[in-house]
Amino acid sequence: MTDGAVELALLEEGPAVAKGDVLLRADHLKKYFPIKSGILIQREVARVHAVDDVSFELRAGETLGLVGESGCGKSTLARCIARLYDITSGSLEFEGTDISKYSRRQLRAVRRDLQMIFQDPYASLNPRKRVGAIISDPLRIHRAGSRDQIRRRILELLELVGLSAEHINRYPHEFSGGQRQRIGVARALALKPKLVIADEPVSALDVSIRAQVINLLDDLQDELGLTYIFIAHDLGVVRHVSDRIAVMYLGKIVEISPAEELYQRPVHPYTEALLSAVPVPDPDLSASRQRLVLEGDVPSPIDPPSGCRFHPRCRYATQVCKAAEPPLVQHGSLGHLAACHHPLSLQTQVGAWATVPVSAETPLSETATT
Amino acid sequence: MQSAEHGAITGSVGPAPEGGEVSSRTGGRSLALDDFLHNKRAMGGCAVVLLLILFCFVGPLLYRTNQTTVNLNLANLPPGGGHPLGTDEYGIDILGRLMVGGQSSLELGFAVAIISTVIGALYGAISGMIGGIFDAFLMRIVDTLLAVPTFILLLIMASMFTLNLLSIILLLSLLSWPYVSRLVRGQVLSLRTREFVQASTTMGSTRMRILFRHMMPNTFNIFIVTTTFAVADAIYSLSALSFLGLGPPPPFADWGTMLTNGVNDLFDSYPWEVYPALIALVVTVLAFRQIGDALNDIASARSTR
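Top to bottom, those sequences are chains P and Z.
In terms of this note's numbering, the first sequence is residues 61 to 430.
In terms of this note's numbering, the second sequence is residues 129 to 433.
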């Protein structure tokens, strides 16, 4: 802490993870939700493939943006990492230890370092608790200090997120959305976590106060050396905060890349389509660029398409896309991975939405009828 | 962090206190309590209940009457003289009997409400919190109890045994807690998916801590309503039982017995013997129902806010 923080009795730093070391490693992470049916004996009839074989690494001090359309599994992934959900299979290493099989009791110690900021600031604060009680909840759960120490820590946290000491005895309904989200941020930071998972922290907020909350998170990262997983469906927001960005589609990471690289040279057709949907504040540029409209709906995660999951909506798709699942491999510069049989031409530098068909094989649409 | 090349994000850098946005309502007292104190129906109901308690429990200390021995010299006296509401067929003062009879009604009402609320709320909350097969099993027990017709069971028990006040309290509690547990379980199930509960989980709360610190305060507005209704229902059940002559035997006094005696005497043209108990019963049940209704309104108005 930079501001002469109150040292809480039980909050000594654990084994420090130096900036740049791997803090979190997900390996073939899967989360399936069973769909059960039957009156007396519940039988599993199908499963929702919410997160399907996701692997990535997160380094201390960085911000990983996670984007994708609604229902692609990004929130489920976040909740798996926070271990709000049990993980179906795969491993999840946090600071070198696999926490994927930890019980609720074992997780308590881990949770001190792994906190979450929720999407809806109206739902994430208990309406019957005062702000002081909400923020001090994590401190009291972990018995971090005396009453007096906890009180001073609350005041410190309130100041840190830009609220004042007089707010301590108020109820959440007395605050605006932005202020509530600050309370949520203060609560997440109370235990000085190492990793903060922000699940669409600004999407429920008014556009005018989004920037405030984002800048607050940004400042706090510099100040406290936090690592973020930042989920959003607003690509502009993600670009602003992220060092690296992962694009999810139907439970899989289809592309992961350093942030600016992704915007300049998307490799996966889905990323390309997503980027083409970002509003551009310049009307001339906006009129001149081509919007790629994806046809059809997102396929059901209960019965995902064979091969590449994006193939029914992909304009470059060929037979191979239907048959084989593309691996997540490096394309172009270091650290830029994508899962695609027909990666967009790396030579095309004309901007984020170059429209050069790469397909050399028979387009899928022609053969599909036979 | 990426530098802000992207022009779309502007706005104040760093947190600034947003003091002006805070609504004028000062924290200090909970909103529900505030609503309750400003609700005329709730306050009216509470005032009546308070008067009833004073009447039944303090009244006999000020207005001393003989409630145990039969005195046929004084039987069936009309109101007036030493007996403001007259006397009954045994020569017992009706005003005094109304006070003593009210004691048992109120004791029963509160006891049943408290017992069934505590058991029902805990049972429902734990069932909903743990979930799964355990929950299914507990809820089948509840279903079984809910299937028992309250009044018929009371009649059977009363015809087999001589019931006293305590056994009626236990019987009524046994049959009314399942309603509370149903409601509380439903609320707990819906609260489990709420983000503030998940937030508490990510902070490392135990399930019991979540249940008692975060969920119970949010189910309060539900079971407080059923509690007030339970008071009224229990008083009504006792009176009905006594009215049928199956209540506790004399010298136990209660409004239902007074009512049934009064009805018999009505045909002997002693009308003052039926009305006091009738009015007391109606007023009491109405008062509790008013409070319950008002609480219900407050609760549903708050949930839509």
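Just to be clear, a hint being listed does not mean it is correct.
To be verified - Among the chain P residues that face chain Z by a calculated CB cut under 8 angstroms, a handful are: (1) A142; (2) D146; (3) R168; (4) R171; (5) M176; (6) I201; (7) R203; (8) A204.
To be verified - Now the in silico label distances, taken between C-beta atoms and shown as ranges: (9) A106/P to L317/Z: 52 to 60 angstroms; (10) K161/P to T321/Z: 19 to 27 angstroms; (11) M285/Z to K161/P: 33 to 41 angstroms; (12) T278/Z to I99/P: 24 to 32 angstroms; (13) F93/P to M336/Z: 24 to 32 angstroms; (14) L352/P to L161/Z: 51 to 59 angstroms; (15) I99/P to Q195/Z: 53 to 61 angstroms; (16) L161/Z to V267/P: 21 to 29 angstroms; (17) L317/Z to K90/P: 20 to 28 angstroms; (18) V410/Z to R103/P: 48 to 56 angstroms; (19) A383/P to M336/Z: 47 to 55 angstroms; (20) G260/Z to K90/P: 18 to 26 angstroms.
What the hints assert, rightly or not - If we take Cβ atoms under 10 angstroms as the criterion, some of the chain Z residues that face chain P in the derived model are: (21) Q195; (22) R322; (23) F324; (24) S328; (25) T329; (26) T330; (27) P345.
Source of the hints: derived by calculation from the structure; they are not laboratory data.
Quick reminder that beta carbons are idealized off the backbone N, C-alpha and C, glycines included.
Verification of the supplied hints:
The criterion of a C-beta within 8 angstroms of any C-beta in chain Z is met by A142/P, whose closest approach is roughly 5 angstroms, and the hint holds. For D146/P, the shortest C-beta to C-beta distance to chain Z is roughly 12 angstroms, which exceeds 8 angstroms, and the interface hint is violated. The restraint placing R168/P at the interface with chain Z holds, with a minimum CB-CB distance near 4 angstroms, inside the 8 angstroms limit. Annotation: interface hint on R171/P holds; nearest CB of chain Z at approximately 4 angstroms, less than 8 angstroms.
Interface restraint check for M176/P: the shortest CB-CB distance to chain Z comes to about 5 angstroms, inside 8 angstroms, so the restraint holds. Annotation: I201/P was flagged as interfacial toward chain Z, and the flag holds, the nearest CB pair being 5 angstroms apart, inside 8 angstroms. Interface restraint check: R203/P against chain Z, minimum CB-CB distance 11 angstroms, threshold 8 angstroms, status violated. With a least beta-carbon distance of about 11 angstroms to chain Z, the hint placing A204/P at the interface is violated under the 8 angstroms criterion.
In this structure the supplied range 52 to 60 angstroms is violated for A106/P paired with L317/Z, their Cβ-Cβ distance being about 23 angstroms. Between K161/P and T321/Z the beta carbons are some 24 angstroms apart, a value that agrees with the proposed interval 19 to 27 angstroms. Roughly 53 angstroms separates the CB atoms of M285/Z and K161/P, a value that falls outside the hinted 33 to 41 angstroms. Remark: the range hint 24 to 32 angstroms for T278/Z to I99/P is upheld by a beta-carbon distance near 29 angstroms.
At roughly 26 angstroms, the beta carbons of F93/P and M336/Z sit within the given window of 24 to 32 angstroms. For the pair L352/P and L161/Z, the beta carbons lie near 56 angstroms from each other, so the given range of 51 to 59 angstroms is met. For I99/P and Q195/Z, the hinted distance range of 53 to 61 angstroms is satisfied, since their beta carbons lie about 58 angstroms from each other. In this structure, L161/Z and V267/P break the distance hint of 21 to 29 angstroms, their C-beta atoms being roughly 36 angstroms apart.
With their beta carbons about 27 angstroms apart, L317/Z and K90/P fall inside the hinted range of 20 to 28 angstroms. Checked against the given bound of 48 to 56 angstroms, the beta carbons of V410/Z and R103/P, roughly 55 angstroms apart, stay inside it. Separated by about 52 angstroms at the C-beta atoms, A383/P and M336/Z satisfy the suggested range of 47 to 55 angstroms. Evaluation of the 18 to 26 angstroms hint for G260/Z and K90/P yields a pass: the beta carbon distance comes to about 22 angstroms.
Residue-level restraint check for Q195/Z is violated (minimum Cβ-Cβ distance to chain P is 46 angstroms; threshold 10 angstroms). With a cut of 10 angstroms, the hint placing R322/Z at the interface with chain P holds, because the nearest CB-to-CB distance is about 6 angstroms. Because the smallest distance between the Cβ of F324/Z and any Cβ of chain P comes to about 4 angstroms, under 10 angstroms, the interface hint for this residue holds. Here the hint on S328/Z is kept, as its CB sits about 6 angstroms from the closest CB of chain P, short of 10 angstroms.
With 10 angstroms as the threshold, the beta carbon of T329/Z comes within range of chain P, its nearest partner Cβ sitting at about 6 angstroms, so the hint holds. For T330/Z, the interface hint holds, since its Cβ comes within 10 angstroms of a Cβ in chain P; the closest pair sits about 5 angstroms apart. Interface restraint check for P345/Z: the shortest CB-CB distance to chain P comes to about 4 angstroms, inside 10 angstroms, so the restraint holds.
In the structure shown, a violation is registered for the earlier hints numbered 2, 7, 8, 9, 11, 16 and 21, in ascending order.
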